[in-house]
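With the hints as constraints, model all of the structure from the sequences given.
Each chain is listed here by its residues.
There are 4 protein chains.
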Amino acid sequence: MTPSSPMIGVGLIGAGRIGTSHAQILAERVPGAQLTMVADTRTDAAGSLADRFGADAVADPLQLIKDNSVEAVVIAASAEAHADLIVACAAAGKPIFCEKPASLTLEESARSLAAVEAAGVILQVGFNRRFARDFRATHDAIVRGAIGMPQLLRSLTRDPGLANPGAVPPWTIFLQTLIHDFDALLWLNPEADPVEVYATADALVAPDFKASGLLDTAIVVITFDNGARAVAEASFSAAYGYDVRAEVFGSAGMVTAGNGARTAMMLRDATGLHQETARGDVELMGDAYAAEFVEFVAAIQQARQPYVTGRDARRALAVALACIESVRTHAPIPIDRSAATLAR
Amino acid sequence: MTPSSPMIGVGLIGAGRIGTSHAQILAERVPGAQLTMVADTRTDAAGSLADRFGADAVADPLQLIKDNSVEAVVIAASAEAHADLIVACAAAGKPIFCEKPASLTLEESARSLAAVEAAGVILQVGFNRRFARDFRATHDAIVRGAIGMPQLLRSLTRDPGLANPGAVPPWTIFLQTLIHDFDALLWLNPEADPVEVYATADALVAPDFKASGLLDTAIVVITFDNGARAVAEASFSAAYGYDVRAEVFGSAGMVTAGNGARTAMMLRDATGLHQETARGDVELMGDAYAAEFVEFVAAIQQARQPYVTGRDARRALAVALACIESVRTHAPIPIDRSAATLAR
Amino acid sequence: MTPSSPMIGVGLIGAGRIGTSHAQILAERVPGAQLTMVADTRTDAAGSLADRFGADAVADPLQLIKDNSVEAVVIAASAEAHADLIVACAAAGKPIFCEKPASLTLEESARSLAAVEAAGVILQVGFNRRFARDFRATHDAIVRGAIGMPQLLRSLTRDPGLANPGAVPPWTIFLQTLIHDFDALLWLNPEADPVEVYATADALVAPDFKASGLLDTAIVVITFDNGARAVAEASFSAAYGYDVRAEVFGSAGMVTAGNGARTAMMLRDATGLHQETARGDVELMGDAYAAEFVEFVAAIQQARQPYVTGRDARRALAVALACIESVRTHAPIPIDRSAATLAR
Amino acid sequence: MTPSSPMIGVGLIGAGRIGTSHAQILAERVPGAQLTMVADTRTDAAGSLADRFGADAVADPLQLIKDNSVEAVVIAASAEAHADLIVACAAAGKPIFCEKPASLTLEESARSLAAVEAAGVILQVGFNRRFARDFRATHDAIVRGAIGMPQLLRSLTRDPGLANPGAVPPWTIFLQTLIHDFDALLWLNPEADPVEVYATADALVAPDFKASGLLDTAIVVITFDNGARAVAEASFSAAYGYDVRAEVFGSAGMVTAGNGARTAMMLRDATGLHQETARGDVELMGDAYAAEFVEFVAAIQQARQPYVTGRDARRALAVALACIESVRTHAPIPIDRSAATLAR
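Protein sequence lines, in the order shown, are assigned to chains A, B, C and D. Here this note's numbering is used: the first residue of the first sequence is 1, the next is one more, and so on. Here this note's numbering is used: the first residue of the second sequence is 1001, the next is one more, and so on. Here this note's numbering is used: the first residue of the third sequence is 2001, the next is one more, and so on. Here this note's numbering is used: the first residue of the fourth sequence is 3001, the next is one more, and so on.
Calculated from the structure, these hints are not laboratory results. Heads up, some of the hints might be wrong.
Where chain B lies over chain C, by a calculated footprint (3+ residues, C-beta under 8 angstroms) [what the hints assert, rightly or not]: (1) 2016–2029; (2) 2115–2122; (3) 2139–2148; (4) 2253–2265.
Heads up, the beta-carbon is just placed ideally off N, CA and C, and yes, glycines get one too.
As C-alpha cells, then:
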C-alpha cells in the first residue's frame, strides 16, 4: 500500500475536552493527518488519549514540539499558555493550529505573531464558524454583493450548559465565547473595521456566582467605520442545545446562517411539529471542525496561508478587550485601531 | 333584515395612508363597525375617502368627535395632534382607538391618560403586533412558562422603503417605528420593567440627510429589572419587504415570532428555492390590523378594557425618550421609572 | 348610519357542524352578508343557530328559498339533497353557494347545472382550497409558467379524527374528502384534462368497520392527457391535526402549498424545536372559508361568475366516480371524458 | 508514524462517474480505507483515476479481485456485471461493497447471495439513503414508535438532468433509480412486507425517445401486508437539482426526511427569500456516501454484517421487477413473496 500523499504527523498539546474531540476528528475525518503524539502535564489523560489513537504521550509540550514525528502542532491547551506555545512552535519551524483565543493580551498577540511571521510558519486559529457550510455560503454571498453594503449584523453563541460556574475565569464570555462572534462579524463585514463597542453583561444563569466575577449572559454592540452596527450575544445556558447563528442585513437584502437543527428530520404528532436540536458543539459544528483541519492539512501541503490566521485572531481580541473595558466603565469604548484594522 | 347586534358608527380622523388603510380594513374585515364620518383638514382627501365607504366628510376633527353618528373614534392623524384629540374624545365620552404614538412627551401622555381615566372611556393604542397570531402565541407561551425566565430578547422592524427622507421628523425611528418594538419587548417580558437603555443610530440609507437630522438605522439595548437584556433594531429600508420579528430566550428555552413570508407557497426552480416576502405593512400585518379593530369593537360592546391601553403606550414612550437622550449623550441612560413601571 | 353598499341577506340550509361554522364566519368575517334565515328539519338546531345571529328559523328549506329576506342561499345540507336544492334555488332565481359535493352522480350534476344555466344564477361550490393564500399563489405561479409544464402532482387531505366510523356513508373518502383534492389537482394542471384513475383504499384507522364498507385511507393515481400523473391521498385520522397540502413538479421547477402550522411561532426547549399544528379545518382553512364567502358576495354584487363553479364540481365528481369503480374492479379506470373535459 | 489501526486496501471496479466519486470520497473522507487498485476495461480511465490517488490500474476486474493489495472490493461497474463480480469476490473471500442494483434478476440475486453466504463474506449494497442523517433519524423515530403504525408512505427521487436519453437502458427508472425508493420504503415500514404494486410511467422529459423505450417519469403504488400504502415517484429531470425525500404517516403522527437545501443559508432580497438547492447527488448525499463507506470499513474491522445487505437488495429488486410487469400489463401486479419477505 502506497498512500497517495504522505501523511502529516500531528502533535496535540492538551488532552482535555476539546483536545480529545480534536484527536477523534483528526482520526476519523481527516485522512491526510496522523496523530503521533499527545502532550499534557496530566500524564494519565495524555496517555489514555494517545493510546486510543496509537500515538505516544509526553508531559512536556516543548518535548512534543521538538519531536521528529511531529510535523505540525495542534494547540488545545489552556488559553494562558497559547502565546508561548505558538512562539515555541515557530522557533521549531512547525505549522501551528491554535484553538481560540490565540492570546489574551495585545502584547502576547504581537509577540507571537512576530515570531510566526519571522519563522514563516503557518498559524491557523480555531474559528470554526468560517468552515461551517452555511456560514461560508453567507460570507460568500456578502462578498459577491448579494445584500449590498452590510448595515446591521448579528451573531450569537448559546452554550448548552454551565457545568461548573465557579471554575469559569473572569471575562471568559468575551475572551473565549464571544470571540467566535467577533471574528464572525468582522469576517461578514469584509470591507470595514470595528471602531467602538458597548457591552453589557450579567450572571443570570448562575446569579450566586456573580459576586465572584461570573458573567454568563452578554450583549455587545459594535460600530464599524462604514457605519454598520453589529450585535453579538452570548449565554452559557441554552436549554435547547448549542445555538450558533448569524444574520447580516444590508442595503440590498439579508442573509442568515445557522438553524440549530440536529438533522432535517421533522416529526408531527399529537403535540405538534418537532425537530431535534443539536445538543452540543461537536454535534452542531462537527463538520466545521473536520473542515478546519482539512484546511490546515491543505495549507501545509500547498505551503500557503490558511483561510483564517493569527491576524484575524488579533482583530477579534481587540474587540473582546474593548468589551471588558466597556463593562468595567459602563460606557462605549473605542477599539484599538492598530490591532483591529485589517490591511486590505 | 335585522342585524344580530347593532353596528357601531365609527369616525375616522386622518385620511392619509394609514387612515385609508384603516377605513378599508374596517369596511372589509370588521363586521361590527360602520364608518360614518371622516375628518381631515385636507378636505379633498377626506371627501374621497368618505365617498368610497358611504360616509360623510368634515374638515374639523372636533366636529366629527361631537357628531351623533360617531359612536367611537379612530385617530390616525399626525402624532403631534394625538394627545389633544384623545382629550377631546374623552370629553365627549367616546371610545378611542389611537394610532401609535399616543403622545410624544410624558407630559402629554399624563394629561391624556388622566382625561381618559376621568371620563371612563376606552383607549386602545395601535400596537398591532399584539394581535398577530404568532406574536400572541409567543406571548402566551412565555406567560405559561414555556421558556422559563426571559433573559435575552430581540425585536426588530424593517420598513420596505424610505420614500421621502427629507420629510421624516427627527427621532421618528424611536418615537414612531421602534415604539412598536419597545411595546413588544415589554409585553414579552411580562414580569419585568425596563430600567436603562443604550441606543446608537445613524443615517445609512440616506446619508445625505444625516446632517439635517435623519436617523434611519438604529440599535437599542434595554436592561430590565430582572436582569434580562433586550435588543431592538430598526431600518427604514429593507430591500426584501416589511420585516417584523421577535425572539425571546429564557432559562428554559426560546420562542420566536415572525417569518416575513407572504404565503406558505414555496417555489423551486433552476436558481434554487424561493418564497415571496411580504412587501408592506398591510400585507404582513393585515390580519393583525383587522384583529385589533375586532378587539376594539368587542371591548366597546362588552364595556371592558381593550388588550392594549394608554398605559402600555406610556411605558413604550418612556423607553423611546430615553433612547433619544442616549443618542444625544452617547451613553447609557436610565428610564423614567414612574412612567415605565407597570402596576401588577 | 348608511351602509356603503346594501347587505345581502343570506339563507343557510343546514345547521350541522359545517353550517354552524359557515354562519359564524359569515357573521364575523364577511361584512357584505347578513344571515337572515336558517333552515333545518332539526328545528331545535335551526332555532338555536338562528337565534345566535339574529336570524329566523324554518324547518323547510323550500320555504327559506322563497323567503323575501333571502337574497342568496348557502347550502350546507346533506350531500344527497344538494342537487334538488340547487334546482329549487335556480327556479327561485337566487344565487347559490353549495358545499361540496354539489351532487353525487353525473346525472344529478347534469340536471342541476342545466337548471342553473337556464336560470342564469350564480352557483359557487365550496372548494375552499382555491381561496387559501398559498394555494392561490401556487396556482398563479403555475399559470405564469414558473414551473413549466406540470408532470407530477400531489394533493392530500388528512382529517384530524374519525369520531363515528359507523356513520360514514360508503365512498365518503372519494365523494366528500378527496373531491377537494381532485378539484385542486385539476385546477393546478390548468391546461390538461384527466383521463384515467387507479385507486386503492382500506380501513386502517377503524379496521373493524371495513366489513361494513368503511374506507378511511386511500391513494389515487390520476393520469392526464398531457402525460402528467397526480397522486391524491387521504386519511380520516391524522394525529397531528388537519393537514392539506399540494405539490406540483414541472419541467422547470416545483411549487408547494400547505404547511399545517397553526402560527409561525416556534418554540425550542429541552426536547427540541416545536411548532403548533392546526387542529381542525376551521383553524387551518378559516381564512379560506372567509375568502370564499367574500368571493360569493363579490360575484353577486358584480353580477359575474364566481372563481369556482358547478362545472368544476362536475369534473371533480367524474374523477371520484372513476375511483369508486377502480376500487371495485381493482384496475385502472377511464374517466368520463364529457364530464371531465373543460371547455377552454 | 504508526497508524492506530491498519488501513484496509480497497480495489475499485469501475472508473466511470460513480466510481470516480467513490474514489474521491474514500480518499478524502474515509480514513480507514486506502485505494490501492482501480480496474476498468477503459484502461485510460482506470489509469488516470488510479494515478490521482496513488493506486495501480488494471483492465481486468478479476485480476483486481485476486490482487494482494486488495483487501476489500468496491463494485461500481455496469449493472449487468454486478452479480458475476459479487460471485468472484466471494470466491476470493473478500468483503464487497456493490453499487445498486446488486443484480438485475431474481435468479442472479439468488446465485450471488448464495455465493456470498457460502463464503461468509460481507456484502454491502449502495443504498446511501440509509446513511443520510435525516433518513436515519426518520427510521429510528419509526422504530421507536413515534408515529405508530405506518399507513401512508412516500419516497421520491428526482435527478437534476438527463444528459443522454438515448443511452438509458429500458426500465432504468425502476431498476436503477426507484430501487433506492423501494429500499427506503421497505426500511421505513419495518414490520411489513410488500405484496402488490401498481406502476405507471412515461417519457415526459424526452418524449422523442419514448418510442425507443425511454421512461423518465414514474409513479408506483405499493401495498404492504399491514395495509399500508406507499407511493414512490421519480423523474429524470428536476430543474432545481437533486431531490430525495421521504414521508411516513402513521396512526400516531408523521415523520419526514429530505429538504434538498445545499446549506442552511437563506438570502432575502428584492425578489423574496432564496435558498440554494443541492445540484447533484454528491452535493446532496455526500455525507451519506462517506458514511456508507465508514460503515463498510467498520463492518470489516468488526467482522459483522453491515447495516444494509444483499437481502435488502433482493427485496427492492422484487418490487422493481413487479413494477416493470405492471407497466407492461397496465394492471396491479403481486410481488414475488419469497424474494420480498424479510425473515424477522
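Hints and how they fare:
1. 2016–2029: n = 3 at 8 angstroms, threshold three: holds.
2. 2115–2122: Since 0 is below three, the answer is violated.
3. 2139–2148: With 3 residues closer than 8 angstroms to chain B, the segment 2139–2148 of chain C meets the three-residue bar; holds.
4. 2253–2265: holds (count 12)
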